[in-house]
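Asker: Each protein sequence line maps, in turn, to chains A and B. Take 1 as the starting number for the first sequence in the working numbering and just add one per residue. Take 1 as the starting number for the second sequence in the working numbering and just add one per residue.
It should be emphasised that the hints constitute simulated quantities derived from the structure, not laboratory data. Even glycine gets a Cβ: it sits at the ideal position worked out from N, Cα and C. Possibly wrong hints are sitting among the right ones.
Claimed, not checked - If you want the footprint, here are the derived chain B segments under chain A, 3+ residues with CB under 8 Å:
(1) 192-204
(2) 244-256
(3) 304-313
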Amino acid sequence: MKNRIAILIVIMIAVLLSACETVPQRGAESDLPTLGSETSSEGDTGASGGAEAGGPSGAESFGAPSELVEGRPVISNPLEDPESPLSQRAFYFDFDRSTIRSDDRPAIMAHGEYLVGHQNVHVTLAGYTDERGSREYNLALGEQRAKSVSDLLLLQGVGQDQINVVSYGEERPEALGHDEDSWQQNRRVVIVY
Amino acid sequence: MTKVFRILCLFLLMAPMQVVNAALTIEITQGVDGALPIAVVPFEWEGDADQLPEDVGAIIMSDLRRSGRFSPLPIEDMLSQPHSGRDIRFADWRLLGTESIVVGNMKPAGGGYAIQFQLFDVFRRTQLAGFSFRSNRANLRQTAHKISDLIYETLLGEPGAFATRIAYVTEARKGKERRYELQVADSDGLNSRRILSSDEPLLSPAWSPDGRRLAYVSFENGRSMLYAQTVESGARQQIAAYKGINGAPAWSPDGRFLAAALSKDGNPEIYIISLESQVLRRVTRNYAIDTEPAWSPDGRSIIFTSDRGGRPQIYRYDIPSGKVNRVTFEGTYNARASYSPDGRMLVMVHSENGKYQIATMELANSAMQILTDGSLDESPSFAPNGSMVIYATEDKGRGVLAEVSVDGRVRQRLSQEGQDAREPSWSPYYQ
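Isolated chain A (complex conformation):
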């Protein structure tokens, strides 16, 4: 019974959110690429639909939204909630490294948990590097970074078919400067729902 009400509320909110164009940006951090925030509204509908049809896993996944009810008047799709760890879509790396930083693990694992609960939701993990060094090596490095995130998700039980890994290397930089500040913003993996 409680679940049915929750489903209704989720659907209502999803409808409201999709009617509101600016919502995707609300939760977006400044470093979140437009690619992610544009496609997230599509992902939402898929996500809430997934919860409906999700059967046993759908019931589990509702634990999170109903917890949020307590503190706040409305529950929202966790993918849209700026307070949710799922709002973090970009993860950054050290130079020439593809090791996930320890403080990023909880957020990546939250994505893993969400994906395990929503097996028909798919993500693209886009790997990027800074501009230094050769382009083809960077293409490989970007893939290794995306694979590091992918490995952590797979370890949690996310289906292989839910994850698409793509590397852009140093192409499509987020920041265009030629300094460490820009380079750090560009050494990233972005989760795109």
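Here the structure of chain A is known, so what remains is to put chain B in place on it, guided by the hints.
Answerer: Just chain B now, with coordinates in the frame of chain A:
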């Protein structure tokens, strides 16, 4: 300035430009002492004054200057402008310190052009070379570059590489929109033609050994895939579209295979792809990144970049034995290596102290020489005569192409207005 030259200048300005894109402009950033003094007298044009298609003499003069090996006499310093050997007053040129002189003429002939030139030794008063050519409008610049090659080879004893081409990628940004183009230009950066245009990244153009095809990486389908395209016809063929990365194409010297980096088995490995059968042969087996293969000129080994030792370094795969050994030890980062045409040297991206520069390494003694002074230099490619290396660098925040002589003494920049240029690749000789 003589009247003839003024007319030449005027009609050069009025000559129809067949160049599609903004041309690369060349700026010599570092010259060399001891360049040979030479005079290239403006060629006589025996056709209608308003029909001059190209100023052949000016193209030759610019080629010779760009090589850094010659110091051409400015036209305004010339006391006369002879067009054939019998009109040369050697004493005058001797006075100007000129050691060699080039004279010539061009006239319309059978729908095309007939071009003659002679090269003289000023001190000995002897002809060193003299040729006539037939050409047409489309090939006239290449004919001028061939004359430059003959002069270069006659005077320096080694072949020139002016009658060659360069391929490169440009990126134009407008807000969030991006436009990538694969371009082919003459070796002087002029006569550029767009070969491919895309909203998604293009990279790693590589010439086939006959200079007729380019292999490259295109993201047009949302991820990296390999293609080969015939330059003249534009016909293209998909070479590899496996799961993961399809990158870093390199033609075998016989043109029958492409070496490439594919990550279809989990991480980037070097493969050899048969262009006839598409059959793959896996070359490397390692958990690390293996990429950027390049063949030795004898086709017996493939060098590649690998971080199997923790940092990217150059390794060599010996094709007959299947053995792999590490080649570079100096520097914290060495990548994107390729062989010099004689097989004795490698050129690569080299880093020490956080700067990325172009360096060569002699294979015989592993001596490394840094050629450039940028901090983000990449994508080096040898001219087919081994005299110069073209590479990508950064100038005032923009990606530009530059050339440096293998001894590091002559350097010049080729820049294109409003676009980032990168990923240059120098063509082989055309037969």
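Asker: Give me the numbers of the hints this structure contradicts, sorted from smallest to largest.
Answerer: none
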